[in-house]
Amino acid sequence: MSTPLFPLAFGSEDWRLLSGLPVGFLFGFVLERGGFGNARRLAAQFYLRDMTVFKVMFTAILTAMMGLFGLEAAGLVDRSHLWINPTFLPAQAVGGFLLGVGFILSGLCPGTAVVSMASGRLDALVALLGIVVGIAGFAVGVDLFPSLEALYQAGTGQVSLLPDALGVPPLVLGLAILGVAVLAFLGAEKVETRFQGHGSPVEGTPSPRPRAEFAVAAALGAAGVLALVAARPPSPPPPPAVEPVAPLELAEALIRREAGLLILDLRGESAETERVPGAHPVRREEAAGLLAQIPAGSTVVIYDGDAAPTEVPPDWPRLLRYRGLQGGWEGWKREVLTPMPASHFSLEEQGRVARQNQISAYFSGASPAPPAAATAPPPAVITGGATPKKKGGGC
Amino acid sequence: MKGPRYAMVVDTRTCVGCAACVIGCKAENDTPDGYSRDWIHSLVAGEFPRLRMTIESRRCNHCEKAPCVSVCPTGASHVGPGGTVQVDPEKCSGCKACIAACPYGARYVDPRSGAVDKCTFCWHRLEAGKTTTSCQEICPTQSIVFGDLNDPESEVSRLLKTRKWYVLQPDAGTAPKHFYLE
Amino acid sequence: MKRRTFIRLGSAGAIGAATVSGLTTNWFGFYESRGKDPQTEGERVVPSFCELCFWKCGILVHVREGRVTKIKGNPKDPLSNGHLCPRGAGGAGILYDPDRLKKPLIRRSKRGGDAFEDVSWDAALDVVAENFERIKARWGAGALALFSHGYGGNWMKHLFRAYGSPNIAAPSYAQCRGPRDVGFDLTFGWGVGSPENTDIAHTRCLVLVGSHLGENMHNTQVQEFAQAIRRGATIIVVDPRFSVAAGKSHEWLPIRPGTDLALLLAWMHVLVEEGWYDKDYVEKYAFGFEQLQAHLRPYTPEWAYPRTGLDPEQIRRTARMMGGARPAVLVHPGRRVTWYGNDTQRSRAIAILNALLGSWGRKGGFFIPSALEIPPYEYPGYVDREVAPADRSEPSQYPLADEVLAQGLCQATIPTSLGDSRIKGWMVYGSNLPLTLPNPREVFRAVQELEFLVTVDILPSEIVGWSDVVLPESTYLERCDELLAPPWRVPYVAVRQEVVPPMYESRPGWWIARELGKRIGLPDFFPWADSMEYAKTRLEKAGLDCHTLQREGVILGAPQPIYFEEGAPAVFYTPSGKIELYSQRLAAHGFDPIPTWHDEEVEDPPPGYYRLLFGRSPVHSFGRTTNNRLLGQVMEENAVWVNRRVAEQWGLADGDRVYLQNQDGVRSSFSAPVKVTERIHPDAVYLVHGFGRKARGLSFAFGKGIDDAELITRYKTDPIMGGTGMNVNYVTFLRPSQVEPASGETGTVDTAAQSSGETGMMGEKTTPGGGAAATGTAGGEVTA
Amino acid sequence: MTELESGRNHLLIDPSLHVWGWQIALYLFLGGIVAGIMVFTGLRFLGRTPRPPSLAMALIPWFAPLLLSLGMLFLWLDLEHPFNAWRFYMVFQVSSPMSWGAWILLAVYPSSVALAWVSTREALGGPLGPRDGPWSSLWLWLTRRLAGVEGWLRAHLRGLALSNLLLGSALGIYTGILLGTMAARPLWNSPLLGPLFLVSGMSSAAAFMLLYPLSERERVFLGRTDLTLILVEMGLLFLWMVGLASAGAASQSALALVTGGPFTASFWSFVVAVGLVVPLVAEWVELRHGQVPGRSAAVLVLIGGFALRWILVFAGQASGWSSEMALM
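Chains as they are written, first to last, in this note's numbering: chain A, 1 to 395; chain B, 1 to 182; chain C, 1 to 784; chain D, 1 to 328.
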């Protein structure tokens, strides 16, 4: 939630949470300046005498929509980092209805209730208290009547976005909403003039009303932004980096059973059957599907015939760590599978050589010589006799 | 100082953390379900495969400067015979100030009586003439030693003289009388 | 009474009360504080011996107002030495378990449907006797099998021998310690028995291969382990898990699971090549050294490195430590050693290693135990065994098994394509087979084939729910038992006696066996009035006083020499009469005469899977105690130990609940929290055995944690003696959201039940079945 | 990686170690307000030329015993063995702040009730209570009886006011000292907690009083005072944090609970922003522009005052010397 303001690495989660505070203040300030702390102004919306709420809300939706699209297109926001409320349609329908009833009764929605309270209105304090009691009541109610749980869990619980749900391209949807907004603005003006005759205008209503021309001009500008955004596809992210790994280092990692190591033999099925132990033969183009199932944070070692790939396709998962085996299969053969001649090394180095040669033998499948004892029967000295068994005992 | 000054020593080198002391204490002192006067605390530090482990059998430290005694408003927590820290359940109002004041988390409220309870160094056993606590008696590795600090011949005095030891949270300024051998 | 007097008395009383209350305050200086005596000291203290595990420590039981208040160690007992492990201290939790079987039960619907009816003892015993006789008449005595675990099983074994069946099996053999006993027997001509003859107290170097002393709370061993630490002994621990023992060690070898034999061979290589072995000892007592020396040549530490993942330098260093401490060095034989199917050979490697170090019969190695001779009770003589045990399909199978294989009897119950089953009825005494034998599906399959199943148990465990007749036994605190005179440092005899009278309608095992014996026409085998009279008769023959024994709990015999240097006879009951480094018996049967490494015997877990290891908790004896509320307070459920880096891979945080699913798609019935830890090899996960109980009658333990046994659908059978290597299963993690329907855990049980078929019926359980105490064997030591 | 396993109970839940809950936080909050009311009332009567107060101001002293009773009800509810509460008054434990508190509370009642009575009588002048009806004669009898007492009180008004001032201060400081002497809880273990709680209590009391229809002069006075109190409170909070930051590892890890730990967001939003900074700005702006202080800032101050106690009570229990407690 705080990503656009703070990079993820900033401070602790709790500090990042605090970014909500200035945003909240700003929001509250704007609402208060907009007259939203006034319950009568809000209630007037329902009597169609003052359409400010309607207009502001529509503007907010449009601003948020275009802002998000714009920032995303500019590469400033990664949508996967945004928290979007999961969709529980039935629950949200019932909840929305209840909220509306409360809204009409108190003249305040939760946000404006806080604003209104900050403006010093006691009715808002009561409304806020009501909200708290309502939340607590619901929490208790769910415990008391488990059937309520079914209601508030009803729905997919997935995040479903309007373009996906309607099957409309985002650009079209955006333009459609824009059009509806312009019409709504114009309509709202008409409605206002019509209904205001029946009662006095609400105090504090800004007198210079948004003009129709202004709305249309703004709409045209917004449409331009939308079109621009839509025309420019998001730039492809850079391909994941690949670090090299030496064959012996990989061999030792295999012996240590390093956790989360996946080896891919990019020569595919058709290549010779000899591979690094545990390597999965896969062709480059099929690898993405396989990699999608690997837990994030795993290390993927890739190799080819005779070289370490230096980069991987951009569609490979980005949360994996990629390492390329130096020299590819040939490098493995040369450095791991080929024993070292012991004579070339000093006495101090013999231990290292012995170790390396055993690694070589192990991976090349050269077992130690068959034990001599199996072929040399010892003299049989049969004394026989019963064995005294120490029996018993549980586990 | 005259008279005994009781203390406990736990050898962390031999303690295997089996919790015999815990079960033994539960049976001996009939503590309520889910609560116990002693417990095993283990700490493992390092990264596979270079690891270090410390196991401690913990309980009330019977501090010389017991904060639980000084905060108690009713005198229920008091310094009992032999310098031990005791609670008189008759006087306890369950205000829990002593629980908040104890840096060792040694105290709990006995749900049966509403009074605060904790390790007594098996005072009832000492009064009955026994020289061991229940945890010491049961401990299969004999890692728990109870005795008199004022007696230079006692096992606790001898161990504290010959072995390296530490106490828990010395900075809390409570002067605990429960020692851990390294 | 006049009104005036009343008022006067009243006011006097008020003043008196005020004074008294004033006197109790500090203001008067009389505000004395007192602690509270918990009132647990016994009015009566009865000596007996413990049955929470199978070590059989001497205990003193305190009884106050007819209730057992606490249990202490008997200082005179050479096993407990006055100290107890947590389980022993929590024995009253079994006695006062509200879930106990209270009355004999007879099944009243299809097997596993688990509808039972309370009946009288007469009715229950009549049904059992009738079935015993029917099976004997139709199929022969050999068609009835006994699974027994626990000391009271001796009475049932006696009953079976009298009845004429050779099919008496304890899962503690082939599922637990069998390979070790055979391996040592092949090498030294001695098994290590129970309690083991390990002289840990005096050792200068203790080597534990997968043995987790300290979590495995066999009391005397742990006491001696602490003594060894106190004396400054070097501790070397080989374990893929940083066990408590590893935490006490000087060298921890975090071995790759399954490769212990490679390490043992490399150690022996270093000892022999560098000359650290005990030349005199080997020359004097051992047979086949030249063959061994030649055999070991290729097994260098560098050779072992890629297999075990252990640094060659550490292998060398530890081998030299052992060599330097000889002969007071002990490579512990372990207890549950059924790991990978090559267990007899691995145990032999351990035995040979000990032989090279000269530790058998030496102080700080293995002492030579002695037992008190107590003549048996005179019986008419058992019926000759005409039939061979039914646990092997042909006699040549598992040629060196010296006890009956429990899983073999289970398999013999299932008809094969070749013919009908050979076992038609079971008696299960204190042995909860689904948690004990590998592959519980096989167990349930066999159970469905049975004509008759009777269980004798204390708690309504899983197997009880499948029984036809359930006989509620008294706990060890309510009954007398067979005398205990195990071989040990000093010969001694201990007695178990009735501390409190049996609760409910439970009856002691001796009574059940005798009543059954009388009903099936074997009264001659049960001539004694009760087990105390039985014990007294035997003791008198041995010249011992029963009253002394009852008062003291134990009687010690004269100490015997226990080391060769003290004069203990150096006798080895092997074909060559020597320590067989080269085993002629193995060679004769076509096995490797010297332990040999075979690369193909070890496989890696499939990707995304981890080897399932399991072991013990110090506060539990497997499923036997998971329903014990006193012990359960300290450990209520098990956790899945996952290496920190593996957990990071899976995005698992400490405390996240997971289900486990094995390589055959079998999923655990319940979930358990993850313990994210550095303490385990990345190839493996670890569970404490005995949790995840499915018997609803176990109201405390039901559904808590994961049962490793249900995930052990594969096992590798040791070709030498038929032990079932169970550490060859691999598991992966499932999150509850992948498993549970919205309704939560209860739903899960049903789903799990449907998927595995058999458990579904357990899920329907309505009445307490019977149950049990034991799960015996599948627990044990983790290992590599 | 460091792995802790504690067999005491579950590491982070530790149900049997539950110490103090919302009852205590609420009590500390109400106690703080009571302390502030007593101090303000005391000050009013100590003033040289007491001008006639508004009716609300004259009646407000009654809140001292009322809110205190409410707070003590919560305190009593928190006792695990409530029917042993009389034991508090069997001894006086010099080293126990709670014992001090118990005795202070005992003294607070007569003093605050007496001053409230005098204040009310003073403001209303004439006889109080029912003038006719079934209770009137009883009331008359009572007022006559009390007339003597009242006379005596009026004669010793300055003493009474002083006693209120002192007892109020003692009450306010004690609520902080109660926590501050717990060496086992590094977050609390600071001598500044006493003054901090007193100042915060007074600030809350000023805000509480501002909720009632006071006269303009009174409002301005309280607003100004509150402004000062908020500034002092901010200074004390800052010093408290500096003190923790410069002390040992345990104190530092305790401080981390509110500067990067689980209590950070709530502490900085509710205590600092909502409870201090915003009301400070609001009240300053109001006074600067010559407006009469309103209720919004007052409500925020009250929220902040309660949040301070709530967070300190819970965060303090989460702080500890042993590492397993600091982990919470």
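Worth flagging that the hints you see were computed from the coordinates, not collected in a lab. Hints may contain errors.
[Claimed, not checked] Derived list of chain C stretches under chain B, where covered just means 3 residues or more per stretch with a C-beta under 8 Å from a C-beta of chain B:
#, segment
1, 120-134
2, 373-381
[What the hints assert, rightly or not] Residues of chain C clear of chain A, computed beta-carbon distances all greater than 10 Å:
#, residue
3, 81
4, 108
5, 251
6, 276
7, 445
8, 548
9, 683
10, 738
All values reported here derive from a predicted model rather than from experimental measurement. A virtual CB, placed ideally from N, CA and C, is assigned to each residue, including glycine.
Residue 548 of chain C and chain A, when compared Cβ to Cβ, separated by more than 10 Å: Holds: least Cβ distance 25 Å, greater than 10 Å.
Beyond 10 Å from every chain A Cβ: check whether that's true for residue 445 of chain C. holds (24 Å)
If I take the minimum Cβ distance from residue 276 of chain C to any residue of chain A, is it greater than 10 Å? holds (18 Å)
Distance rule for residue 251 of chain C, whose beta carbon must clear each one in chain A by more than 10 Å: Non-interface label on residue 251 of chain C holds, nearest chain A Cβ at 18 Å vs cutoff 10 Å.
Confirm or reject: residue 81 of chain C is not an interface residue toward chain A, with every Cβ-Cβ distance exceeding 10 Å. Fine: 19 Å to the nearest Cβ keeps residue 81 of chain C off the interface.
Residue 738 of chain C remote from chain A - nearest C-beta pair above 10 Å: At about 14 Å from chain A, residue 738 of chain C clears the 10 Å cut-off, so the statement holds.
Minimum Cβ-Cβ distance from residue 683 of chain C to chain A exceeds 10 Å: violated (5 Å)
Can we trust that residue 108 of chain C is non-interface, i.e. its beta-carbon lies farther than 10 Å from all of chain A? holds (33 Å)
Coverage claim, chain B over the segment 120-134 of chain C, checked by counting residues with Cβ within 8 Å (three needed): Coverage by chain B is violated here, the residue count being 0 at a Cβ distance below 8 Å.
Confirm or reject the coverage of the segment 373-381 of chain C by chain B under the rule of 3 or more residues with a beta carbon closer than 8 Å to the chain's beta carbons. violated (count 0)
Against the hints set out earlier in the document, violations occur for numbers 1, 2, 9.
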